[in-house]
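Residue numbers (full-length UniProt numbering), protein chains in the order written: chain H, 1 to 318; chain Z, 1 to 420; chain F, 1 to 303.
Take the hints with a grain of salt, since some may be wrong.
[Said to hold, decoys possible] Listed next, the in silico DSBU-like pairs over lysine-lysine satisfying Cα-Cα at most 30 angstroms (straight line): (1) Z:Lys401 <-> Z:Lys72; (2) Z:Lys413 <-> Z:Lys57; (3) Z:Lys126 <-> Z:Lys323; (4) Z:Lys57 <-> Z:Lys222; (5) Z:Lys190 <-> F:Lys197; (6) F:Lys129 <-> Z:Lys280; (7) Z:Lys63 <-> Z:Lys339; (8) Z:Lys282 <-> F:Lys197; (9) Z:Lys340 <-> Z:Lys313; (10) F:Lys197 <-> Z:Lys401; (11) Z:Lys284 <-> Z:Lys339; (12) Z:Lys167 <-> Z:Lys235.
[To be verified] Here are the in silico distance ranges between beta carbons for each label pair: (13) H:Gln88 <-> Z:Gln64: 15 to 25 angstroms; (14) Z:Lys401 <-> H:Leu43: 32 to 42 angstroms; (15) H:Ala27 <-> F:Ala195: 43 to 53 angstroms; (16) H:Met156 <-> F:Phe147: 27 to 37 angstroms; (17) Z:Asn68 <-> H:Gln88: 26 to 36 angstroms; (18) F:Leu291 <-> Z:Pro38: 51 to 61 angstroms; (19) H:Pro205 <-> F:Gln190: 22 to 32 angstroms.
Simulated from the structure, these hints should not be mistaken for lab results. Just so you know, even glycine gets a beta-carbon here, dropped at the ideal spot from N, CA and C.
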Amino acid sequence: MAVAPMDTIAPVQQSPHGTPTGGSRRARINAHLLRLPFYLLALTMIAPFYWLLITVFKPPRELARTPPSFVPESPTFANFYDPEWSAQAVNPGHLQGIFQRYQVDLGFWRFMFNSILITTSITVGSLLICSLAAYVIAKHDIKGRRTIFLLIIASMMVPWQTTLIPNYVIMRNLGWLDSYEAYIVPALAKAFVLFFLVQFLQSIPNELIQAARVDGAGEWRIWWRIVLPLLRPALAAMSIFIVLAEWNNFLWPLIIVQSDEMANIPVALARLNSYFGGPDHQGAIMAGGLLASVPTIAFFLIFQKYFTRGIALSGIKG
Amino acid sequence: MRRMMAACSTVLLAALSAACATSGQTQTQQANQNANAPVTLSFWSTGGDDETATFQKAADLYKQKHPNVTVKVQTLSWSDAYAKLLAAATSRNGPDIISGGMTWTIQFGARGAMVDLRKHGLESLKAQALPAQWESAISPDGSVYGVPLDMSTLALYYRTDLLEQAKVEPPKTWEELTATIGKLKAAGVKKPYGQDWGNLDWIGYFNYLYQAGGSFYTADCKPSLNTPQAEQALKYWVDLYREHGAPTATVEGADALDTGTAMVVAGNWIAKGIDINKPKLKGKWAMTTIPAGPAGPTAFIGGRAIGVTSFSKYVQTSTDFVKFMYSDEAITAIADEAKKRNISYIPPRPDKIVNGSVFTPEQAQVFEASIKTGKAAPGCPGWDESAPDVTKQLQSAILGKADIKTALAEAAKVMERNAG
Amino acid sequence: MASPIPLRGRLRRYGTSYAMLLPFLALFAGFLLWPLANSLYLSFTTFDGINPAVFTGVDNFVQLASDTRFRHALGNTALYVVGSVVLGTLLSLGLALAFNGTSWPHRIMRTLFFLPSVTSSIALMLMWKWVLYPSDVGLANTIVDWFGGSAVAWLATPGLTIPILVLMSVWGGMGYGMVLYVAGLGSIPQEYYEAAKIDGASTWRQFRHITLPLLRPVTTYVVVTGLIGAFQVFEAVYIVFSQGANTIGGVLDSGLMIVPYLYDQGFTHFRLGYASAIAWVLFLVIFVLSLINLRVGRAMKEL
């Protein structure tokens, strides 16, 4: 049975290190005093989030008021959708909610759809492509694999912005500007994913694969039936990185998106931001921000265990 | 397995063609001249989605008259519109019609991406347009790559209650402005004066520059910031910040009035929203033209230019649509929709400022006065690329990082360099 | 793996191997290697996107050396990178030491500090812009007001730009570093501390001689990835500090950094050659930093 590399990382220990444990009461009080600044720091973490949340539920007029209220006095969902706003007549005190703001079919939903589609395609696609290549590099004895791996590792040191301009020109000349292809295809070959998967595979003994070969399984079948399942924890860790990075991708979409329809959430929200500066519009903008965050936060809460482990795995291994 | 291989080879092909594609050139387009074939024009409009909706109304009206022509208006945001349009212009691929900053079409035209509208009979619009604004959209060689689509200008908005409290009248000249600020301060008004549109920006300086008798460029597009007038203007403007406490932070005009600023220089568009969105201010505010300088009352005239791209397949139809935007019915359709949405719109025809307006007659008259004596952005080559750098130089004078002469000299250098 | 397989079988197997590598390699070559080489070439040219690129030798780099805006961007980037990495790393370590237990208060604190890492980054930027709103309706100015101060022009005061950007970065990133450190702490064998205690070592000495040295790989990782991330900052500048059309970098360019300047030159001036030269400066800086990352050396040894 292969030893899952996850086990090489000891679980978080019960007792904290570096701070006194157990012992006298004085030591315990000391420990809490030492933590005090960090509890204060936690307040600064909460405050902006709280501000965002209450903004979402305040009507425009309450938003423009000084001093601001810290508990919404007339809480409302109007910043998402205001049934009393109308394109036919002015209704004082009512502005469009985030779902009413864009002229595109489906409005804001369209950007949610784009973001989800793009993120999912890139995540699944790059994990498949990278795991295939990683299997070959880690487990096949072919000529040039060391050179290839070296090249890929070296490329991890290239900031992707260096390739921004040529890639833009490529997209333009392929006629891919303003298309899902431009979002997805250039993002599929991820060097760090490959690097990570190769390392993970190297720590898996060859026996299982050899046994399958003896049984006459083809390489594709071995990849699909044996390698992928073995890689599962590593794939989970990598998918977290990919999902977060692609969900937040901004500069590349900013350059390749031309029409309203093809924007992802960040680009769509940036557009609102550049046009509506006043405080009364912040409710709808923050509502958009909240909607943009819900999927990733939900993803985090569901896969919380994988998150911290995944991050730890990527940071400590190697 | 086979499907997998097929997928792989597709990917390979894509990547290979990508590699080759950087050296390729975009193909030229064929014109479609069949008069009654259905045509869809794409119109990229810089601004907000509400404005897009108003222009879409005009487009819908156009379709009623020309059932085979559909114009699809889409929004570009001010923050990246120039980049997007420039990208379209350089790739010769994009919309048929564009609108953006007053002088943008000149820059795109210089790159060969715009149609000279003179060749399509749009010179006739000149008689209808405001001369100062028309001038600004015209290239130095006389080409008309864009015509004004709408106008905007500035006004001095003030709190009548606070001015009364200090027993002052709204200022009419530079001297009166500084004196009024002093009196308001003495009367205990904490925020006597602020600027919204043009704050820390070349547009803010524009007013003072022309009011002092200066200009950014000479008539033949030579940078002309090395003049005593330019210095006098910048000195006055800088003093407003440094001596008279104008805030460097830009607070949206209506919000500034609401939070106790006595006088705010802001764009015409804020006039629409104050009574509705700030009910507390109702009856407590008024507006007038911005104070005049030694050489006159010249205020900035902004607005957008609209033009037709050279890579459009339907140049003739597109120019006809542009012309249509000057018709009474289009202006009425846009203004009606703007009224419903409570947004601002000043048509590009001076005869329509008051009677085609979305504003109250009193408000419209203030804007009309401002526009009649106003000037628009310099239509000189390289101006749009220089503007951000000129702004930085002005900021360094305001924030005390450079003296006035140096700042202006540096700004002129940038303009010289970008002129070509 | 030197098994005696007949030639045909070997060919078939190798053929499959290369076929499996192909999708990755093709995409890798098409959208990374080739663009990288192309970008190097473009950096020695003048290229406006319409006409073919004209080779101009090192002109772009010579011009960069005397470009005051570029030097400004470099200076700002350096300040920002040092500030955010030093502060971020220290706070990450501090948080990990403070909250690495399994009790619920610790877990809640860890989740709280980690929250920005899983919040949409555009949402955070828009949130900051609203928190720092210039008039009294903004959160920051409301707090200033409680202490009797008058409204601060947060986003229009050049001296505040880099500190604000650093704080935004540290605020958003320290939870991530904390998670790495917590994992690092967990992998330190408990026996070391027990032995130290028997020897009568103080808490500080334990920290200094056991915890810190054993955390060194984590620290290297946190610092190097922090550096690389900080050099690439774009969104914070573009969203929070840019003002109006065509203007990037905030008042007096006080927030102008390498990538925003690259965007500015490349996409609002369409000086694609010049922008490529900027891209290569960025590349060289990050390449050097990455070489420091020991992970690479170790990975090669394993192969």
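Quiz item: Looking back at the numbered hints, which does the structure fail to meet, lowest number first?
Solution: Of the numbered hints, 1, 2, 4, 5, 8, 9, 10, 15 and 16 do not hold.
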